[in-house]
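**Student:** Residue strings, one per chain:
Protein chains: 2
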Amino acid sequence: MFPFSKTLFFLLFYTLSIMPPHLCQHPLDPLTPEEITLVQTIVHSSYPNSTHILTFQYVGLEEPPKPTVLSWIRNPSRKNLHRQSFVIARIDQTTHEIIVDLSLRRIISDQVYNGYGYPLFTFEEQIAANQLPFQYAPFLESINKRGLKIEEVVCGSFSVGWFGEKKRSKRIVKVMCYYLDGTINLYMRPIEAISLTVDLEDMKIIGFKDRLTVPVPKADGTDFRGSMQTPPFGPLLKGITVAQPHGPSFSIDGHKIRWANWDFHLSFDARAGPVISLASIFDVEKQKFRQVLYKGFVSELFVPYMDLTEEWYYRTFFDAGEYGYGLSAVPLEPLRDCPENAYFMDAYFASQNGMPVQMPNIFCIFERFSGDIMWRHTETLIPGNVVREVRPEVSLVVRMVSTVGNYDYINDWEFKQSGSIKVTVGLTGLLEVRGSIYTHKDQIEEEVFGTLLAENTMGAHHDHFLTYYLDVDVDGDANSFVKSRMQMTPVTDDKLPRKSYWRVVSETAKTESDARIKLGLEQADLLVVNPNKRTHIGNFIGYRLIPGSTTSPLLSHNDYPQIRGAFTNYNVWVTPYNKSEKWAGGLYADQSRGDNTLATWGLRNRIIENRDIVLWYTVGFHHVPCQEDFPVMPTLSSGFELRPTNFFERNPVLKFRPPQSVQWPNCSAYR
Amino acid sequence: MFPFSKTLFFLLFYTLSIMPPHLCQHPLDPLTPEEITLVQTIVHSSYPNSTHILTFQYVGLEEPPKPTVLSWIRNPSRKNLHRQSFVIARIDQTTHEIIVDLSLRRIISDQVYNGYGYPLFTFEEQIAANQLPFQYAPFLESINKRGLKIEEVVCGSFSVGWFGEKKRSKRIVKVMCYYLDGTINLYMRPIEAISLTVDLEDMKIIGFKDRLTVPVPKADGTDFRGSMQTPPFGPLLKGITVAQPHGPSFSIDGHKIRWANWDFHLSFDARAGPVISLASIFDVEKQKFRQVLYKGFVSELFVPYMDLTEEWYYRTFFDAGEYGYGLSAVPLEPLRDCPENAYFMDAYFASQNGMPVQMPNIFCIFERFSGDIMWRHTETLIPGNVVREVRPEVSLVVRMVSTVGNYDYINDWEFKQSGSIKVTVGLTGLLEVRGSIYTHKDQIEEEVFGTLLAENTMGAHHDHFLTYYLDVDVDGDANSFVKSRMQMTPVTDDKLPRKSYWRVVSETAKTESDARIKLGLEQADLLVVNPNKRTHIGNFIGYRLIPGSTTSPLLSHNDYPQIRGAFTNYNVWVTPYNKSEKWAGGLYADQSRGDNTLATWGLRNRIIENRDIVLWYTVGFHHVPCQEDFPVMPTLSSGFELRPTNFFERNPVLKFRPPQSVQWPNCSAYR
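Chains as they are written, first to last, in the UniProt record's numbering: chain Y, 1 to 671; chain A, 1 to 671.
For reference, chain Y alone in the conformation it holds in the complex (with noise of 0.2 Å):
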């Protein structure tokens, strides 16, 4: 192997030396291409092509520790801190995670994962077997056995999930097969009751089977194309845009954003996609920066569907573990999916061959402004004076689109100079719909799981749980968790007029288990606060979450998709701190078996006052289609607020001033 490696060494060499050195690389600037590039070398040079099996599953930054980080941020003049890479690598059809050291340019750890549970899937890999079903006899036989041309079906891949088999499984997946031919929304037309399974490994089919046939649903209505449509057209309204004239009020230098009071550090990550980091807060009271968020991301999104039939059964996906919802990130499309005035950032990731693929306008940053009133009063009380003061909101909004297959989840970061942080999800695209043989609401007597949206088109009852990982530091690590309950209080005092009024009763949570809520149940406000530094006037400082869903799964504790999504079995807990607990359904969800969850990590009942904590939320919906989803979805958004509650002496936005006027420069007839 000799030679080949120093051939390796030469190019590297080479390489290496044409890119500027990054002296300024924030510790937590995502892999750049010349990183991953380097890691793939450092990791072929122990494990050359030529004698092993290698794909890389995940490559991403290895962060340096919190505290390293922390005290870098509080003296970034300092020397580079060394960047490292966690890679998960399928060597030799066994797991490994691995970290390299770019800076030492070697592996520093190496270790062969023998648990349960496979690594994200890698595109190339999915591809490959999606194209297997058009090699393999059987398959091709049920196509024309069906009247279909082979030429108009399109394949996908599905994680197999996992349901109770002892035995362990290899790397699988189940390939389902679409219909085009005349339509170019394949979700609409699935070629039913066909199984393939697929041996990632191998790359071959082992399983197939031909059940029944059903109705291909007709690809009438349901090409969702703007060029495909036919009159009548819906209204056209006139042109409407955002306009900034004198430029963004923002600035972005590498991955740092400074906005208005807010500064952060946006990072990309194939399985997280965004990642906020250190959000801190400018208070204009005291002049400095102050800690919200050290990190906050997507951890998992589970989204099992509620079809008990032999094709659907399984699919109770984990988006982030298993497709990666970074990996998933589809290109925005300037001035329709992000305003006029949006700046687009690309991200990276590292193909399974480990070599840097560009992903061009994965994020998209930019200023909203959509009328809002940030406060506003008008005192109408004083003789002769009436008094109006207002003023408009205009917030700043990282977005970034995932397209799993059929869904597209639109993320919102969106921060607001009052010092929240608005998390939005907005669900578009298709639905998984199967096929039926069903035309008519009246022909159905059994279960069909699902709510019939057009002819032989059955949309399958769903959910999803998005769970947001929140690693808050309120003015500091140090931080508790506070359950604010309004309780109903009978007034026993005859002589008072009132019979009850509401109190609060505030409950400092001590272990893991005390944080575990189920929202809908009671009357709360849920805070973090940091219980060593308070106002003047003595109330502890703290951001409150604001829940904006209080869906809660509906899958009995012991079934087994349940007992792998068991972290939404709550919509709110409460974790210590700790680098490694980062993946709410565990670091590998593909066949996972919940042995290494949030719901597992918490039975340890681990002190969480006054402790560097993690608070993680879950945004649910339970989704019924209905025939306004087809043949594609208005977006239906939810989310949740980080809502400063005494971590300000006063209104943080009581001194800002009203966005400039805006000067039209050079236009003779606008306005």
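Just so you know, these hints were derived from the structure itself, not from any lab. Keep in mind it's a predicted model, so treat the numbers as computed, not measured. Even glycine gets a Cβ: it sits at the ideal position worked out from N, Cα and C. Incorrect hints may have been included.
Covered stretches of chain Y (in silico footprint by chain A; criterion: 3 or more residues with CB under 8 Å from a CB of chain A, positions within the stretch not fixed) [to be verified]:
no.	stretch
1	242 to 250
2	269 to 275
Taking lysine-lysine pairs in the BS3-like style, the calculated list, with each CA pair at most 27 Å apart, reads [claimed, not checked]:
no.	chain 1	residue 1	chain 2	residue 2
3	Y	Lys518	A	Lys483
4	A	Lys495	Y	Lys495
5	Y	Lys441	A	Lys167
6	Y	Lys167	A	Lys495
Take the given structure of chain Y and dock chain A to it, following the hints.
**Tutor:** For chain A alone, kept in the frame of chain Y given last:
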């Protein structure tokens, strides 16, 4: 009286002769200034000022019966419907309900109301009551004793509620006073512990108590006027605006608004504020307008405070029924309350003496372009053919801000092209705070009913419950209310890999009791369907309510404020349409005893299946104030959405094109 009437007749005749006849008047248009004047004239002709003491407490449109309106809509070319006005007047200290027919020019009904409760306060009587303390020696002495300057004192009138008194009270208010002296934020400077009781009919002080002396909170830091702020200021954002160089896409004809696929009527009512009527959506596929909402408005706003002290226990306001949610509307400030592309509309109310008063810029109507996505999909599964299709969201907003004393409520009715009606209420303005001896939280060892917000300033715990009246007419007026519960269902067949799933169990409410819902207890879709109309494939045509809040009240059921506010005991109610059942808290909210409210109407448990039904939804907030709410609150919003659900055959915006591109006329530099 003959000569007087004759003169009046002449005047009347003269006035009318110069008015163009309203041939195109819509039967739901609010009373015009001329009509208000005519009402005044007609009522005074029966109750001349010379012999009667008469005050107009409420003057509004007496709407034609719903079938009459609907038949007029179908054939508006017929002659105008009779215009009528509903008047509540206090005449010689009794409450009269008067219906004036403006076409016949006479009173057609005049009934004395002898039940519990009183009508809305007028501005004039509040202003008069607020002035009384300044002529009242004991009050002046109390002010003097505190070392305060009387010229810096401002007073306000507070409804007194009802606390189980058997004897009927007179029409009274409590008057509470505040201090300016260096601020205009009087609500942050209560002069605590002085109670004045004013008889509104005799307009005199009938009670006074100066219980103790509490420090008046400092003026420092309370003024919210931009002009009064001193550095350091917040960061100044560059100009940002919404631009529609080709003009808006909506048209307004009187009170009828047409935009995109929506058509509705916007009226103003002194009690309810904005009233949306006859909202219909154009179905592009069917090429016709289809009914959605016959009428929607804020029926009541219940704001109980949780402070048991003598000057606070009674603060259990009914902002719509006592103060008038419309009467409390304030002019909107262009560019700040509403964006640059907004259109403004005036309103009129009748003063206490019956004269019309113009309220400028009470509504604004604008197209909202916030950068959101209406629908999108990127299809990546087809080899060699990535397809992306995106439609940006543009919606239409109708806004009114109601400032009921200290609080500013931002009311938005948002119409989406996809068929959703999204209703939002934003809470901003000023808290009601209690003057307090405390300057630090650590001093507090008793129940203080609030949060210490600043020195001597206690932000009282309180609630806001906004109950919306929603006369949904989903594709016709005979509708049913369906609760579609997602029910966890165990799988008993051992051969199946799954142990559970959820199915939809739809229950059609037969009677009112079936439709009372406390949210948060179960996972369900709440639908209004038209049981007589189905889509082509057989789904019942419907709309669903997506609640934005599951807040429930926390007063005991036997507490007097909750007896009056029992309509908040459930988040959702459904009643059969009944023209007289408009006000959830009763027609007479001031000093009401809860005997004619949504909660009592429902006791009849009427049939609501396949009927013209009204949906009532209550948006609630429990407000534990925090320091960020001082001295003026950043907006906190909630609301709900009415969303088409099998109303359309398919996605109704599939064939909608993005808005036209923006062409900047004659701008040489921009872009």
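**Student:** Run every hint past the structure and note whether it holds.
**Tutor:** Verification of the supplied hints:
1. 242 to 250: Holds, because 8 residues of the stretch 242 to 250 of chain Y bring their Cβ atoms closer than 8 Å to Cβ atoms of chain A.
2. 269 to 275: violated (count 0)
3. Y:Lys518 to A:Lys483: holds (22 Å)
4. A:Lys495 to Y:Lys495: Violated, because 67 Å separates the two Cα atoms, which is more than 27 Å.
5. Y:Lys441 to A:Lys167: violated (60 Å)
6. Y:Lys167 to A:Lys495: It holds: about 18 Å lies between the C-alpha atoms, which stays within 27 Å.
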